[in-house]
Structures are given as structure tokens and as C-alpha cells.
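A.B. asks: Single-letter residue listing:
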Amino acid sequence: MSGLNRREFLCAAGAAAAALPQAARGQAAAPSYTNAYAILYDATRCIGCRACARRCREVNRLPPEEGEIDGVRFDVPRQLSDRNLMVIQAHALDASEVEPGRQNWTFVKRNCMHCNVPACVSACPVGALQKTDRGPVLYYEDRCIGCRYCMLACPYEVPRYEWRDRMPRVRKCDLNGACVKACPVGALVDGARKPLIAEARRRIEAEPGRYVDHVYGEFEGGGTSFLIVSGIPLEKLGFPRLSPTAPNSYAEPILGAVPGWVVGLALFLGALRRLQMRQEGPLAETAEERA
Amino acid sequence: MNAQSTRFANVRLALSLLVLIAFGLAIYRFYGGLGAATNLTDSMPWGLWIGFDMLCGIALAAGGFVLAGTVHIFGLRRYEPFVRPAIVTALLGYLLAIIGLLMDLGRPWAIWHPLIMWQPHSVMFEVAWCVMLYTTVLFLEFLPVLFERLRLVRALRALERVMIVFIVMGIVLSTVHQSSLGSLFVMMGHRLHPLWFTPLLPLLFLMSSLAVGVAMVVFEAILSGMIFGHRYPTRLLGDLARALPLILALYVGLRLMDLNARGELGRLLDNSLESWAFILEMVVGVLLPGSLLLSPEVRYDRLKLFGCALMVIVGVVMNRLNVCLLGMLATSSGYMPRWIEILVSAGVVAGGLLVLSTMNHNLPIVTRAADREATPAAGAGTQP
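From first to last, the protein sequence lines are chains A and B.
Residue numbers for the first sequence follow our numbering, beginning at 270 and rising by one.
Residue numbers for the second sequence follow our numbering, beginning at 32 and rising by one.
Bound conformation, chain A alone (with noise of 0.2 angstroms):
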């Protein structure tokens, strides 16, 4: 080492540092929550009747979102917000872009999709967002910091916040399960993850011309314990096209080099600080302290 001066000291580093191999980390296998509570929607038996929106407002206390219809107030929600946590939208598609003989509208239900990994959970940085063994992604406000970073990492923008509000907290839907106990027609049903899967692959294969051949949900981002069947593509909804991994597959390596980096690149300055007195001899060694 001592015959080292810092030039070679430099190149041997940066060498090493290229040779170093790139660590492949293989995405850890996502949990499937195949026993956790999940919720089958089903577009094409959903009425558009809201008794779900309703049950949704009584369960966590909202207010309508008053406005109008043909001159009478109503209750008028359009878009999730921190007062509304699940909508029932209908969307109109032209006749050209569904299979022929298919219904060209739907109604689609939003409410947060209880991703198995989910970007939220892996965004925040106190733990605020959780993702609980029996299902539900939840909110614990007495954790967050209010830096919204969940809002922005959620693929499907669910996470809501409470703008108008001195103490603001953020919002969404807490999987309890009052909409499907509220819907008339069961649109809605709940249970175990894995056989409501199989019950929407069966109604799927039983009535194929009914349903697109998918469920929403069962392998986008991770999976997510809300799954939707319908007779229209979700992503001509403004749904996500999600690929099976994790939404933080990015981030997730970046964060694990961080060590290495720290511990290495500490070293390296070290070791050329070291070098670097050496090369100047005792003189300017003094010299520095004295400075």
C-alpha cells in the first residue's frame, strides 16, 4: 500500500469499483394474502344505484357533495376526495371501441384497490400507511407528517387530503366492508382473497361473452385485495396497466445500495485523506493544524 501514491490509489479504487458486480436483486416474491379479506366488484351487475356510496358516507361520518341534477340538489360526487372515498362513476365509451355486441358503458366503482404491496405503504416514512396480514391498507393519522409523498407514489392517485383542514389528515377507504353489505344487487361481495378469485374466474368463464377475460387485481402491481370483473377493459377507464411487480421495484434497490455506498465511499475518502497526508509529508500536516 505504501508504494501506492494517490494517482494509482485512484485508478485501482474506480476499478474495483466498476469490477464490482452488479447485484442483481431478484423482486422478493410478493405476498398473495390468499386467506386476507378482499371485496369482488363486479361491474356489469353494479346498478348505479350509490346505496353503497351512501352506506359509505354513514360508516365514516361524510357529508353529501351537494349539487344538482336537472334543478333538484343531490348528492352529486364525481371525483374520490377527502370527503368522498369511493365513487360509482359511469363511463361511456364510443360503440367502435368495445367488441361488437358488447355493452359500450359501465359503471366502475373507485375506492382505494388495498394494493398486497403497496406504493403508499413503501413511500411513507413513518409508517403512517399500513398493509394489515388481514387485508386492508390503513392510515394511522397520529404518525403522519402530512408530507404527501403517499399520494403521489399510489399508481391508482386514491390517497386524498384534507386541504381545507388546520390539522389535515389524509384520507381513504378502510376495506370494512359496509358497501357490500349496502349494495342491493350484489355487485359487491366479500371474503377470503384466493376463492373470490376463483368465483370471478368462474363467472368470467361461464358468461364469456359478458366479461373482458381478467380480473383487475389479481396480479396488478403485487395484486390487491379489491378485484373487479366488468365488459370494458379497466384501462380504457382510466385505470392503471399495472406489470405483476411491485410498484417500488425501482426504489426499493436503490435504497438497499445505500449502505454499501456509505461504508465504501467513507472508506475511499479515508484511505485518499491518508494518502493525500502522506504524500505531503509531516510539514504540511502542521502546517494544516496550525491553520
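The set of hints was computed from the structure by calculation and includes no laboratory data.
Bear in mind the structure is a predicted one, so any value in this text is a computation, not a measurement.
Here a beta-carbon is modelled for each residue, glycine too, at the ideal position from N, C-alpha and C.
Some hints could be false.
Said to hold, decoys possible - Here are some chain A residues the structure puts well away from chain B; computed CB gaps all over 10 angstroms:
no., residue
1, R330
2, P333
3, G336
4, V341
5, V345
6, A359
7, R371
8, E426
9, N445
10, G460
11, K463
12, I473
13, R479
14, Y519
15, E549
Claimed, not checked - Here are some of the chain A residues that sit facing chain B, going by a computed Cβ distance under 8 angstroms:
no., residue
16, V328
17, A388
18, R412
19, Y418
20, L421
21, P424
22, Y430
23, V531
24, G539
25, L541
26, Q545
27, R547
To be verified - Simulated restraints on C-beta separations:
no., chain 1, residue 1, chain 2, residue 2, range
28, A, D434, B, I373, 18 to 26 angstroms
29, A, E335, B, W149, 41 to 49 angstroms
30, B, A292, A, V532, 23 to 31 angstroms
31, B, R273, A, G529, 27 to 35 angstroms
32, B, L48, A, R323, 51 to 59 angstroms
Please build the complex by placing chain B on the supplied structure of chain A, with the hints as guidance.
C.D. replies: Positioned in the frame of chain A, the structure of chain B alone reads:
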């Protein structure tokens, strides 16, 4: 001279006024909530206070670790006069970013939660710890200035004996922090425009912080020379600026390779808001200063050098705003900072400038550097 001191007083008065206004508006923000004071929405949850105060504040503080490393690790002792001003600016930059963060957090009273509520899988957790640790380290690196002023000779000696530990810690923490601000956005592929979204964001943020660190030191040295009448050797600054073309060339190469690899190179010709913003950012911040600074005539001319440093700084500010705000516009319902957001940010910057000028008057920051310059022997003989 007299006219200059009145102008000085006027500037200070204007800055104080801005701070006062910002203070009043801050009270309004905490009384009425974020919705009353800002134009933030559910589709655009981060605005000017994160994009400018936080991201730009931290980036522009990079001079501290870049210079500390140049002088104390790589042993280029000639640049030592610039270390102290750079450390002071970095400390102020971090404090201002923290003030901006306090304004922006929905629950700022809980800002200490990451200390005890650990969630190491979160990039934001990493960012929070970096801010806390590096601000502490910066304060320790700044302490010698105070000790010198208060003539605490023994404390000063004791501190300088262990200072190298803090310097190494500061550099390591800085690289982690600068890059982690880029990592924040690698989870936003569904929101951020493909011209800026890439898994390489942490590396790009780190590289641009190196460039802007050098540029800030040059910019500040020339500016404070103009204002306070100190004279820095343009020669030394020009030598320092030699690093810029190299960093900027690597940076632009990396960005183009990344665009190409992701198959998004064609978007440069989109003729969209995003494509023009990207081109402007690259031309003003990277290509122009990078190529101009290759010529010694530019590097060793005070005003031209100043202009180039300014371009690099503006380029990095544009980059951070593009990543955090402009690149998110297309997927949101739109955002334009409210006047309250702008005035608060202006007040925060004004406060920083006021503190900086007060410190420059009363603490041995630039004066020491000027003394050094008078005895050139101190810095000579360490050329590689």
C-alpha cells in the same frame, strides 16, 4: 462610498420587508390550512415549496460538500479560501429548506416522527434522516467560525483535530441526500413525464449537484467580491471552473443515453411544453456553460465566468422545477403557484440573504479568506 451604503441599507430594508410579509402569510397558512394558502390539489400534492424551497435549496447547498472534498480530501489546498463561504451558504441553504418544509408539511409539529417511527423502506425516511444529520454536521463544520470570533482557542483546536471526521461524514451524507431527492421520483413513473422520469434520477441529481456546487462557489465569490469589495483571484476561480465542462459533459451524455435506452429520444421533437422545457434546461444549464467554459478566455474573465456559473445554477433550478412541477402537469388537473406560495418562498430567500450579509459583516468568513490571499505561500505548492 456613501451612495453605496445607502443602496445597501435600501436593499436590506426591502429584504426585511419581504421577510415580514412572508411571516404574516405563514401565520395565515397555519390558520387557514394548506388549501387556503396554496393552489395545491389532490392531483398536484407538491408545489413550489417542495419544488423550489426544498429541492433547489438543497441542490444549491452542494457547494459545501464539493469544496470540502476538493480541499480536504483531494488536497487541492489552493481553494481553501472558498471552503468557509461554501459551508456557511450550505448551512443556510439547509436551514431555509427546513423552513420551507415546515411550511409545506400538513402536520409540521410531527416533523420529528422519523426519529422514532422508523420505516427504512421509504426514500422519504432516508431524506428525513439525511436532512437532520447533514444539518448537524454542517453546524459542526461551521462552529470553527464562531469559535474563532469568540477567541475560544482551545475549543477551536480540539474541534479542528476531529474535523476531518465531520468532513468525511458531510461528504458521504451529501451524496446520499442529493441522490435520494432524485430517488423520491422513481416511484412516480405514472405521473412524471418520460423526458424526466428515469430510474437514473438519483445519479442525475447527484451529478447535477456536483456541477451546481462548483457553480455556486464561483457565483458567490464573484458576487460577494462585487458587493463587499473583496477581491478573489479570478485565476483561482477559473481553475476551479475547469471541473464544470467535464461534469456537464458526463451529465448530458448520461441523459441522452438514458433517453435513447428508454426509447424516448423522439420526444425531444414533440414541440410540446415538456420538450421545450427540456431543451431549454439542457441548453441554458448544460450545453452553453459547458462548452463556453472550455475556453480560457471565458474562464479567466470575471464577468463571463460569472455568467456561466449563473447559467449552471439556473439550469439546475429549472431541472428541479421540471421534475417536481412541470413534468407532473400533464397528468394533473394543472397547477400554478398561488401568490402566497411565491411570496413566502421569496421571503425565505430574502431571510437567507439577510442572515448571510449579517454573518459576512460580523464573522470571519470572507475576511479570513482575504487574509489568506495576502499570503499566497499558504496555498502554494499543492498542485497535483
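A.B. asks: All hints are to be evaluated individually against the structure, with a verdict given for each.
C.D. replies: Quick rundown of the hints versus the structure:
Once the 10 angstroms rule is applied to beta carbons, A/R330 is consistent with being away from chain B; the minimum gap is 20 angstroms. Remark: the non-interface label on A/P333 is consistent with the geometry, its nearest Cβ contact in chain B lying 19 angstroms away (cut-off 10 angstroms). With 10 angstroms as the threshold on Cβ separation, the claim that A/G336 sits away from chain B holds: the shortest Cβ distance comes to roughly 18 angstroms. At roughly 27 angstroms, the least C-beta separation between A/V341 and chain B is larger than 10 angstroms, which holds for a residue marked as non-interface.
Consistency note on A/V345: stated as away from chain B, and its beta-carbon is indeed over 10 angstroms from all of that chain's, at 17 angstroms minimum. Distance to chain B confirms A/A359 as a non-interface residue, since its nearest Cβ pair spans about 20 angstroms, more than 10 angstroms. With 10 angstroms as the threshold on Cβ separation, the claim that A/R371 sits away from chain B holds: the shortest Cβ distance comes to roughly 28 angstroms. Under the 10 angstroms C-beta cut-off, the non-interface status given to A/E426 relative to chain B is violated; the minimum distance is some 7 angstroms.
Every Cβ of chain B is farther than 10 angstroms from the Cβ of A/N445; the closest lies at roughly 22 angstroms, confirming the non-interface assignment. Even its closest Cβ contact with chain B, about 30 angstroms, leaves A/G460 beyond 10 angstroms, as expected for a residue assigned away from the interface. Interface exclusion of A/K463 from chain B stands, the closest Cβ pair being 26 angstroms apart, more than 10 angstroms. Remark: the non-interface label on A/I473 is consistent with the geometry, its nearest Cβ contact in chain B lying 27 angstroms away (cut-off 10 angstroms).
No Cβ of chain B comes within 10 angstroms of the Cβ of A/R479; the nearest lies about 30 angstroms off, and the non-interface call holds. For A/Y519, the non-interface assignment is contradicted: its Cβ lies about 4 angstroms from the closest Cβ of chain B, within the 10 angstroms cut-off. At roughly 7 angstroms from the closest C-beta of chain B, the C-beta of A/E549 falls inside 10 angstroms, breaking its exclusion from the interface. Below 8 angstroms, beta-carbon pairs count as interface contacts, and A/V328 has none with chain B, the closest being about 22 angstroms; its hint is therefore violated.
Below 8 angstroms, beta-carbon pairs count as interface contacts, and A/A388 has one with chain B at about 6 angstroms; its hint therefore holds. Given hint, A/R412 at the interface with chain B, holds; its Cβ is 6 angstroms from that chain's nearest Cβ, closer than 8 angstroms. For A/Y418, the suggested interface contact is upheld, since its CB lies about 5 angstroms from the closest CB of chain B, less than 8 angstroms. At about 6 angstroms, the closest approach between the beta carbon of A/L421 and any beta carbon in chain B falls short of 8 angstroms, and the interface hint on this residue holds.
The closest approach between the C-beta of A/P424 and any C-beta of chain B is roughly 5 angstroms, which is under the 8 angstroms cut-off, so the hint is satisfied. Evaluation of the A/Y430 hint against chain B yields a held restraint, the C-beta minimum of about 6 angstroms falling below 8 angstroms. Because the smallest distance between the Cβ of A/V531 and any Cβ of chain B comes to about 5 angstroms, under 8 angstroms, the interface hint for this residue holds. Annotation: interface hint on A/G539 holds; nearest CB of chain B at approximately 6 angstroms, less than 8 angstroms.
A cut of 8 angstroms between beta carbons decides the hint on A/L541: the least distance to chain B is about 6 angstroms, and the hint holds. With a least beta-carbon distance of about 4 angstroms to chain B, the hint placing A/Q545 at the interface is held under the 8 angstroms criterion. With its C-beta approaching chain B no nearer than about 11 angstroms, A/R547 sits outside the 8 angstroms limit, and its interface hint is violated. Distance hint check: the CB atoms of A/D434 and B/I373 are about 23 angstroms apart, consistent with the given range 18 to 26 angstroms.
Checked against the given bound of 41 to 49 angstroms, the beta carbons of A/E335 and B/W149, roughly 43 angstroms apart, stay inside it. Our hint of 23 to 31 angstroms for B/A292 and A/V532 holds, since their Cβ atoms are close to 30 angstroms apart. Taken as a hint, the range 27 to 35 angstroms holds for the pair B/R273 and A/G529, whose Cβ atoms sit roughly 31 angstroms apart. Here the CB-CB span from B/L48 to A/R323 is close to 53 angstroms, well matched to the stated 51 to 59 angstroms.
Consistency note: the structure conflicts with the earlier hints numbered 8, 14, 15, 16, 27.
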